[in-house]
Every structure is written in structure tokens, then in C-alpha cells.
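Read top to bottom, the protein sequences are chains A and B.
UniProt numbering puts the first residue of the first sequence at 1, with every later residue one more than the last.
UniProt numbering puts the first residue of the second sequence at 1, with every later residue one more than the last.
Worth flagging that the hints you see were computed from the coordinates, not collected in a lab.
Glycine is no exception: its CB is placed at the ideal position from the N, C-alpha and C atoms.
Hints may contain errors.
Here are the simulated DSSO-like cross-link-like pairs (lysine-lysine), alpha carbons at most 30 Å apart as the crow flies [claimed, not checked]:
#1 B:18 <-> B:53
#2 B:18 <-> A:26
#3 B:10 <-> A:31
#4 A:31 <-> A:367
#5 A:367 <-> A:615
#6 B:27 <-> B:53
#7 B:18 <-> A:45
#8 B:27 <-> A:35
#9 A:26 <-> B:10
DEER-style ranges, computed between Cβ atoms [unchecked claim]:
#10 B:40 <-> A:521: 55 to 63 Å
#11 B:100 <-> A:293: 37 to 45 Å
#12 B:40 <-> A:693: 42 to 50 Å
#13 B:100 <-> A:41: 27 to 35 Å
#14 A:41 <-> B:54: 34 to 42 Å
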Amino acid sequence: MPAVSKGDGMRGLAVFISDIRNCKSKEAEIKRINKELANIRSKFKGDKALDGYSKKKYVCKLLFIFLLGHDIDFGHMEAVNLLSSNRYTEKQIGYLFISVLVNSNSELIRLINNAIKNDLASRNPTFMGLALHCIANVGSREMAEAFAGEIPKVLVAGDTMDSVKQSAALCLLRLYRTSPDLVPMGDWTSRVVHLLNDQHLGVVTAATSLITTLAQKNPEEFKTSVSLAVSRLSRIVTSASTDLQDYTYYFVPAPWLSVKLLRLLQCYPPPEDPAVRGRLTECLETILNKAQEPPKSKKVQHSNAKNAVLFEAISLIIHHDSEPNLLVRACNQLGQFLQHRETNLRYLALESMCTLASSEFSHEAVKTHIETVINALKTERDVSVRQRAVDLLYAMCDRSNAQQIVAEMLSYLETADYSIREEIVLKVAILAEKYAVDYTWYVDTILNLIRIAGDYVSEEVWYRVIQIVINRDDVQGYAAKTVFEALQAPACHENLVKVGGYILGEFGNLIAGDPRSSPLIQFSLLHSKFHLCSVPTRALLLSTYIKFVNLFPEVKATIQDVLRSDSQLRNADVELQQRAVEYLRLSTVASTDILATVLEEMPPFPERESSILAKLKKKKGPSTVTGLEDSKRERGADINGGPEPTPASAASTPSPSADLLGLGAAPPAPVGPPASSGGLLVDVFSDSPSAVAPLAPGSEDNFARFVCKNNGVLFENQLLQIGLKSEFRQNLGRMFIFYGNKTSTQFLNFTPTLICSDDLQATLSLQTKPVDPTVDGGAQVRQAVNIECVSDFTEAPVLNIQFRYGGTFQNVSVKLPITLNKFFQPTEMASQDFFQRWKQLSNPQQEVQNIFKAKHPMDTEITKAKIIGFGSALLEEVDPNPANFVGAGIIHTKSTQIGCLLRLEPNLQAQMYRLTLRTSKETVSQRLCELLSDQF
Amino acid sequence: MIKFFLMVNKQGQTRLSKYYEHVEINKRTLLETEVIKSCLSRSNEQCSFIEFKDFKLVYRQYAALFIVVGVNDTENEMAIYEFIHNFVEVLDEYFSRVSELDIMFNLDKVHIILDEMVLNGCIVETNRARILAPLLILDKMSES
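Looking at chain A on its own, in the form it has when it is part of the complex (with noise of 0.2 Å):
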């Protein structure tokens, strides 16, 4: 090796660091550097030309001074012209230049271009390199258009050198990158794929990149990779540390390839021919084993170097989810580094351990593990690998160790670090409702939780500890006590106040008979808060007392006056006023019973994915959450399979400001609690409507009758019917749905929906308008559809109709019969013409037909009047056989009009028919011929 002096003979550059190096300010700093800068412009706008050495200077003094963050606006111009120099030094200076420095400045995109093809064709191999690692660093698209057709040539070329084909590899995943349209698969392909075979590592390296990146977006062209990869892997794993001298590192022979090899096969399945599958299996375990064989070198380098490995092998074990064995022995591996003294590694054996407990063969082995988890959340100095243990402990948390890992969570919570406490808390709330066999044991956990960490308790956590109090009776009593002791605390947060208001508003009484908890205590208790709290909250807490003066009349007087003070009458929030004034107005005027009616107990919430889940996705990305949710969801699900939600009595969403003054003759809605100032809980307790129900059952058979017909019942349950009434001509139609109420009590929040797949969109257009989202107690409301066939369909609009009836949430689908048969337009014809087009339309793709059973009996008049519903005409005398029935008819689309032939033949003995369909349209013939068929 050559001896490198320090500056390597450029004074002037080493004069100009050391200068900055003894700058004493930034000021200072960057005035020596536009004084260099303006140097250099100098001398580059000067006469004299500059040679080699001083071009490269300069150029490096540029760099420099880029790398302190000084944009560079100029020298641009000259790096571009050291581009075509011929001597190798100045060459790659240029190319240095552009590459750190240009970006996409298109004007000079060109020239560099340009200097690039030049050095393309020129068949020198380390021109070629700088040409192509040029290409790798800037990457435009206009770099991609000039060169995307080159660059698979000079890849796959049979004489192309091995370090031009490493650069030609990157350079065109770059280009694929960038622009993806302008590098079309090819021929080249399946020769890129074989470099895996090729004899240097240098080029496998490279390649590698390139087709992991290509087969994660076309896995089926490049899936004969597997095989490949799978072979070169063997080669590399099984050989000793002395064949492949070049690229063993510290005796662990070619690591970063074997990682790269491994990326690759996680693009694919386990591989199915059993012999390449063996063969991966035999890998994965050799791997396996060498962690466990006594280490070739004591050097850090070499354990390293074989870890990255292992823990590569782990990911693909994992990724394939299939061979327990190996799972089991992948777990105890990580399970020995997690007490390994590297850091490193016991925080990289969480991270994928964290996903080998969601795999079902390595679960239970995972858990084994658990107190070591546990020991490391205490003991860990790095935030971050204790946040992966919370990771894992909530990955391996089930059934079985729920109330362990829970104490552990919650009790790391007390010391946790402010930057993940929110994320413990929402897992903690999470696993408790999850894994509650028991509620007395999830109100305690949410209570500790806000408790501890009430700060990083968001509202979606409280609003579900109150969703399952209200929803689970066995625990309301409890919850009572429980909150009501909570509070009994000097200073508690002001999340606790919220859940005990609530609570005890709504369930105090249960706990009133004991006289320590007296109502006049439980009032005074809540009050005495009341003024330490925000707004937000004493609106709850209002809401609360007037539940109180239904729940306890002895203290309506006490709380009246409360209502009646200035500081609440005169409150300066509007909100709080009014609510004030209302419920000390309420608690005046209503009668009991009515006070009873309108404060009544809150019906159960309808069940619904936890809101608590849903933030923690969020908050983590939804890749990263959901798999492993689901997971979970399975294995929990039978544990804690909800309240079933029960038709209470009339609920409606009270609205925070609603006039309630008016309201003494009719029973108005409950009101609850929850009404807070913003309406916050009425948006978070609302129904999504998410997911449209499955088709109702019986679907089919309705949407079958209403092919021949247009109007009549389309569907029936104890609540609602849906009728139509339609007429259609030519390629419109208009269609009148009637949503009918069969109970006494109102549908709110009535939504019926038309959905249309993407396919049907786009040939049949629908029109209407939404209905009145509340429908009365027998009342019926009608929706009026305007329809426009563009162009020919075969799927049926879906109709959602989702409503709330009592408590519960009901969501119906039914399909709704616009067939293409309803823009038929009849059309009259003589034997002679009809046999005459029949003859026209004898390409085989124009006729379909039908042999099938007869579903009815086989009577003559019903099948005409059939026919004739169908829409075509009925033509009498046509066919010679007058047994059979022929049609003539035209659809009618927006863009076209398609002529229709049927014919049909009755067979009495067999009780069967044939029914033949010919149009000029493959699609039509097909779709009127099934249409036509259910008939029979």
C-alpha cells in the first residue's frame, strides 16, 4: 500500500481546513469560506486554463465546503468538462463532483448524458465504472429515458467485466426505482436471475439487490430465483471458511451476501419442490447450528458477522411460518440472547421475538421466556430495549399470563420514560378488556392506570372502561364501590372524576344503602372536585347531579340549590349555563315518572372494535399492529365474547344543547351523562357504520322473481319491508323503493346506501337522493332512483340499508334487481326475417346455450307471460314447431343498441328445456341466457 501523506501534496487544500479547523466562530468560518469561494470562481472565470491538478484542487475544496453545509452554485460547467477528459484522475473528479452535487438540473442532465454514453461505448471497464455509478447516484428519469434500454445489455452481455456488471446491477434497480414504466421486463430477465449462479460474489452481491427489489413486485416472473438462491446459499453455508478467501470475513464466509440471499427467498412462499425446500431446511438448520458450535475467532467481528446471519435465518423461519421445528429452535436461540451481554443482541432477540410470538407453533415457546422479558423491562439501561420487551411482553401476553404481564407493565409504568408511556397505557387498557375473564380485575387495572400514569390516559381508554361498565351488570356494583373509593384520594386526576361521575351517575345507587356511601356523600364527594376541574368536565359532573335527583330524591333539594348558585346559573361558559338552567328547570317541572323516562339507565352500547385498538394502530402505523391483532383477536375471541346488545328502550344521542325546557309534556330521550361540552363522547360512541351485512338471506330467490316483473316486495323481516315499483324505457329507468317501518318505535340514523362494484359503475349509472334519516313507527318512506344503462352489465346493485331501532344497530343487504333484460324493447317480426337474422348471427361466440331442468311446472301460458315479462317479443306462427317459443327484442344501451334472438324448447317427457340465445354480443348472449334460464 502505497504510503498516503496527510493533504497528499495539495497544500493549498490542507492550508484551507486547517484555516477553518482554527476558525474560533461561525463568522469567522463563513467568511474564510467565501473568500475561498470567491477564490475559486475566479479562477475558474480566468483566461488561463487550469490544469489537472488545480481543477481537482478546487474541486475538492468544493466538496469541503458542501460538507459544511454551504450550497454551491457554480463549477458545475467544469465538472462537466472533466467529464470528457481522457486522463482517468480528472474524470473521476468530475464524476465525484456531479455525483455529490448535481441533482436534477435538467439543462445539465443533458451534457452529463452525453459524457456518459460517451464513456459507455468506450468499452473501458473503470470508465464504464464511473459512467454507471454516475447513473446510481443521480438516477433521473431523463437518465432513465437515455439509458434504460442499455443498461439490461450491458448486464447481461457474455464479455461485460464483473465490476461493470456490480455497477450495472445497482444502476438499473436505480433506474427501476425512479421509473419503473421505462424498464420493461424482457428477455434479460431470466439471464439477471442466473447471475445468481455467477461465479464471482462481487456480482451475486449486486444482483441480489437487484432482484429482490423486481421480484417483490413481479414474484411471478423472478420465482425461478428461489431455486437459485436457495443452491447458491448452500454453496456459501456448507463450505469451509477457506473457499471463498475473498469474501470470508473473520472466518464467516460471505455474510452480507447470505443476509441478501435470505432477504430474497422472504419475497416467496416456503418453495414447494420438495428437494429445494430440503435443501433450504438443511441451511437454515446448519445456521442454527453453527450459532451453538464453539467460535472460530474470539474477534467481536466474527460473532458479529455469524449474527447478522442468524438473525436473517430467523426472519426467513419466521416469514415461512412453517416448519415448527425450526420455530422452536429459532425461539430458544433468541432466547439465549436475551440474556447475552451485548446489548445489541438482546435488543435485536426482542425485536424478533416480538414477531415469533404471533406465529402459532412458536408461541407457547416464546412464553417461556417471560420472566426473563419481565426481568429485562426492570433491569434494561436502554429505553430502547426495554421498549421492545413491553413489545414482546404484549406480543406473548394471552389468556394464561394476562394478570402477570399486566401487573409487570403497570408497575414499569410508574418509572417508565415519558416518551412511551402512552403507548404502555393503551396497551395495558388493551390486554385488560381482552383477557378480563374476570371485571372486578379490569375496572381495578383501568382505575390503577389512571392512577398512575392519568396524564397518558386518552379519552378513548376511559370512554371503554365506561362502555363495558354500562355494558356488563355483573360489574357495576363493583365499579361503584370501587370509583367511589378512588375519589375518597386528596388529589386524584381528573380522568378519575370522569369515570367516577359517570359511574356513579349512573350506578351510585347500587352502593347508596351502605350509609358510608350515602347519595348525600357520594354528592358531596363529587362535588367537592367539581371546581378543580375543567369544563369539560363539570358539564359530566352537572349531568351527574341531575341523575342524581332521579336516583335519589332526598338530595334533589341539596342539588338544586347547587343549580340554582350564581357560579352555576351565571356560569360564564354557555355550555355549563345552559345546562344549569335546563336541569335545575328538568328537575322542577318533570314529574317523577317523567324525570325516570328521560334520566333512565344507558341502554348498552352495541359492540364494536375497541376505539383503544384503533388508536394504538395509529399510533404505531397500521402494518405494524394489525398482524399481530389479528392474531390475537383468535385467540382471544372466545374469551370475552361481548354483551349482546339488547333492545332497550328508546335511546337517542342527546344532543349537549338541546332544548330541554319544552320538553315537559313529551318524554324526551334519556339524557346522559356523557353530553359533554364538544358532544366528544356523542362522535366517539356513535356508530360507525363500518362494514356493509352480508346479503340477507332469501336474496337470491326475491331478486329472481323481480327478473320478469317490476314491481312487488323485495324483502321482509319483523321490522322493515322494502317494496318497488319500476318502469323502464329504452336505456333509462326510474325505480321507487318504499321503506316501510313494521314497529311502533322510530328507526334513527336510516341510511340505505346503493353499491356498485368499480365494474358496474362504469356501465350502469344510478341516481338518487338520501331519505330522511328518521323513519316513524309505521311509516313508510320512499327513495326514488334514477338508473341509465351505458353499456352492457352482468352484476346486480347491492342495497345497505343500516339503521338504529331501539339500542341496536341493524345494517341489511339486499340485491336489487336491475337486470340488463329490463331495457328490452320488444320487436315484431315475420318467420322469415327471424330465421333470416338467426342464420346472421351463427358466429359461435354469438349464441349461448342452455340445457336445463324445469324448476316449475311446465305450463304453456305462464311461460309466454314469462317471455313477455322478460321483455322481448313473443313472436306467434315463427317457429315450425309450435311447441316451442321464440323471441325478437333490442336492448337498448347508451352507447349501443344490441339485437336479441331466443328461442326456447320445451322438452314435456324429460321435463326439461333448451334455451338458445343469440345476439351480436358475446356478453349479452351469455348474461340473458342465465337471466332467462332461472325462470323455468
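Could you slot chain B onto chain A? The hints should help.
Below, chain B without anything else, positioned relative to chain A:
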């Protein structure tokens, strides 16, 4: 994929920066400051991987110099960690006991070495002799 490769000293001065995704110059300075801050705040007992925004930092410290590599989740942390060391060994071989000054005064050469090892954010060469080959040609040419 590797997003960037940085060499920063304890004073927070960048000695080498190479970005494999375009970042505006003013954002670079900001990013480099944040990155070195999060590395400096860590003790020896902490692991060498930092979750940083939506990606990860893998870093190693050599005397007063930090080498920090930003990677997305498709990279193996341990492999990158050891790759940093491989890079340092290559520098060590070329400069025979590399120091911060070598890197400052021979920025172009360090760039050439890095370009041979990482291209377009992917590890492309790990064999020392092959990494140094173009540089040796260059040196021979400038001697003559």
C-alpha cells in the same frame, strides 16, 4: 436500503456525508445535527440501533468519530453494523491507521472507497482487495 452514510465527529462536524435519497442541503444540515445529537446522548451500555423518525440509525464510534448509517426496515441491523467496521478496516488498510485528518484531506478517496462499497443504497462489494483496486490504479496514474 441505506438512506445515508455519515461520518461526524464529537463536535458535531460532518466529515463525510453521502445520501442515497435526495435531501435538500438545508435539510441535510438539520438532519445531521439531529442525528449526531441522538448518537452523542447515548452511553456505551445502550444498543447501537436507534429508532429515528420512520427509519433506523445504526452507528459505531471510533475514537472521536461517529459513523452513522440511516437504513429503512429492509436492512439487517447487525449486518450494517458490521459493514461499518468493514468500511473502517478498508480505510485503515489504505491510509495505514486512518485518522479523522486523513478523511478530511482525502475526501475524494474516501468517496471512491464508499462508492465501491455502497451503490444506490445497497452493499455492492465487501472484498477489500477489489474495493481498493480502482483507487490503486488512480494512485499509479498520478505518480507517473
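So, going through the hints one by one against the coordinates:
no., hint, verdict
1, B:18 <-> B:53, "19 Å, holds"
2, B:18 <-> A:26, "23 Å, holds"
3, B:10 <-> A:31, "24 Å, holds"
4, A:31 <-> A:367, "63 Å, violated"
5, A:367 <-> A:615, "26 Å, holds"
6, B:27 <-> B:53, "14 Å, holds"
7, B:18 <-> A:45, "29 Å, holds"
8, B:27 <-> A:35, "25 Å, holds"
9, A:26 <-> B:10, "17 Å, holds"
10, B:40 <-> A:521: 55 to 63 Å, "57 Å, holds"
11, B:100 <-> A:293: 37 to 45 Å, "39 Å, holds"
12, B:40 <-> A:693: 42 to 50 Å, "57 Å, violated"
13, B:100 <-> A:41: 27 to 35 Å, "29 Å, holds"
14, A:41 <-> B:54: 34 to 42 Å, "40 Å, holds"
Hints 4 and 12, counting from the list given before, are not met by this structure.
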